[in-house]
Every structure is written in C-alpha cells, then in structure tokens.
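Asks: What follows is each chain in one-letter form.
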Amino acid sequence: MEIPELKVTPDRYLTVRYAGASGDFNPIHIDEEFAQSVGLPGKILHGLWMMAQCARAQTEAAGDPAALRRLQVTFRGMGVPEAELTVTSTVRDEADGVATVDVVVEQNGRAIIRNAEAEVAVPED
Amino acid sequence: MPVNTDAVGKRFPPLTYAVGREKVREFAHAVGETEPLYLDVEAARAAGFADVVAPPMFAVVYAMPALAPAMVDPEVGIDFARLVHGGQDFAWNGLVVAGDEITTTATLVEVSERAGNGFFTFETRSVNQDGAEVCVGRWMNVVRGQ
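Quick note, the sequences are listed as chains D and E, same order.
Oh and the first sequence: position 94 is 94 in my numbering, straight run, nothing missing.
To get my numbering, take the position in the second sequence, counting from 1, and add 1000.
Just so you know, these hints were derived from the structure itself, not from any lab.
Just so it is clear, the structure is predicted and the values come from calculations on it, not from any experiment.
A few of these clues could be false.
[As the list claims (entries may be wrong)] Example chain D residues on the side facing chain E (calculated, C-beta under 8 Å, incomplete):
(1) 3
(2) 7
(3) 8
(4) 12
(5) 18
(6) 47
(7) 49
(8) 51
(9) 55
(10) 66
[Claimed, not checked] Residues from chain D that face chain E, not an exhaustive set, calculated with beta carbons under 7 Å:
(11) 21
(12) 65
(13) 68
(14) 70
(15) 72
(16) 73
(17) 76
(18) 109
(19) 122
Where is the CB? At the ideal position from N, CA and C, for every residue including glycine.
Just chain D, same shape as in the assembly (with noise of 0.2 Å):
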C-alpha cells in the first residue's frame, strides 16, 4: 500500500481549539507571552496534535479508522502555528496483513517527529 503525503497548515488559532478539545491548557501551547517567557519563540504546536496529523494520514489512506493498530512517535523539535506541516509516510515492510510505515513531519524544512512509526492494516482489495 501506498500513504500520500498530507500536508496540513494550522491557523493562528488552532491551539486554542486543540487545547479545549483536548483537554490540554499548558500556557506555551495558548499564550504568547508566557512561551516567550520561557524562552520559546512563541506558542508551540501540541505535540499530539503533531501526532494526530500522523495518525490521520494513515487512517485516510487506509479508508478505515480501525486500520491504525499502533503509532509511535518522538518529538524532536517544535512545530508553530501558521506555517505548513508535511507527513511523509513510508511503508517499510508488508507481512500478514499489516503495513509498518516509517513517518516523518517536517515544517519549516526541519524534522520535527522523526523515527515516528505506524502500523496500518492494509485494505483488502
């Protein structure tokens, strides 16, 4: 199976809507001030946002919400609003059924989940 990339631009506002429908309120995500304050270039992407960006590439291509059985990710730099995020999903290896898919988002022409990895149960035809 093949995973086309996604590419997805989240506006000024996204992680004040995140934070309510996630339940995540941590200042850097919703408060420019504060994440200045500590250093941050201002309010930071929610890393499970990033992660869900991931989750929804596969489940797209897949056409099946069920078909997502694992996803693993590590954050390795900030994502920030209002500029374009790239999934790009590789299947590495295809057995019994279920695709393993290396992901990797990248924005701003840097790596910020790298080593993500995904398996997928590929659709039948």
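We have chain D already, so just place chain E on it with the hints.
Replies: Frame of chain D, contents of chain E only:
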C-alpha cells in the same frame, strides 16, 4: 538532575470517561478530520455503529484524566516547569464510539536519568464498558536538567 525511582510500578486509581458525541466531533474538527464516521451520526449508523466513531487519537481525551493525577503525584516528583513531552506510543484494538464508557488505569513504568535529564514513562490501559481493552498508551516525559 537526580531522580527517585521508588515510585516505579506505582499504579494510580482507575478513572472512567464517558465518551460524548459532541466531544468526539469537537476533537475531530480540531485535528482536521473530515471522515464522516467521526462527524455524521447517520453515516456512522449506516456503517453499523451506534453513534459517531472516535478518531484513534481521541485516546488522549479519555486516557488523560487518569494520567493527570499521576503526573502531579509528589512521590513521582516531576518538575512541571522543566517538563517536555518526549514521545508517545499508542496501540489500539477496536474502535471507541460515542456512548462508550472507557476506564483507564495509569502506571509509572520507568524512571531514569540520562545526560542530566530525567525520564518518566507512564503506561495507560483503557478498557471499555464490555471489558475489552481498546488502547494501551506509553507516555514518555522528559524533565530537562538545569
């Protein structure tokens, strides 16, 4: 930073989360989902589900209430001002649907120190109202050294 490994293995009280239709839709919108199974009750019912289906990453929502008390437990001793989410691993088995009641138990499974940073890993096990395990999470937290 010195870490205290005494709390490794500590299991925290289970907590039950009732999955609501509008919460699922709110979450799905926030992560950019357009899949009708998450958003449209009729589409979900036509596909054989009782109500809208939760996206896999909705595990964050139903597991977090059980994890939150573990993160602030003084025996664990995480310094929140220096906390970074280092990594995350979810394994899913079956789908969660609005109306389900998901009970999650959190356990501190690993504490270590490397290169001056503290590493705290929690595991969450989430079970639905029928006793089926729907998701196992591993939450890797890093507390940066001085």
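Asks: Any hints from earlier that this structure breaks? Give me their numbers in increasing order, please.
Replies: Hints 1, 2, 4, 17, 18 and 19 not satisfied by this model.
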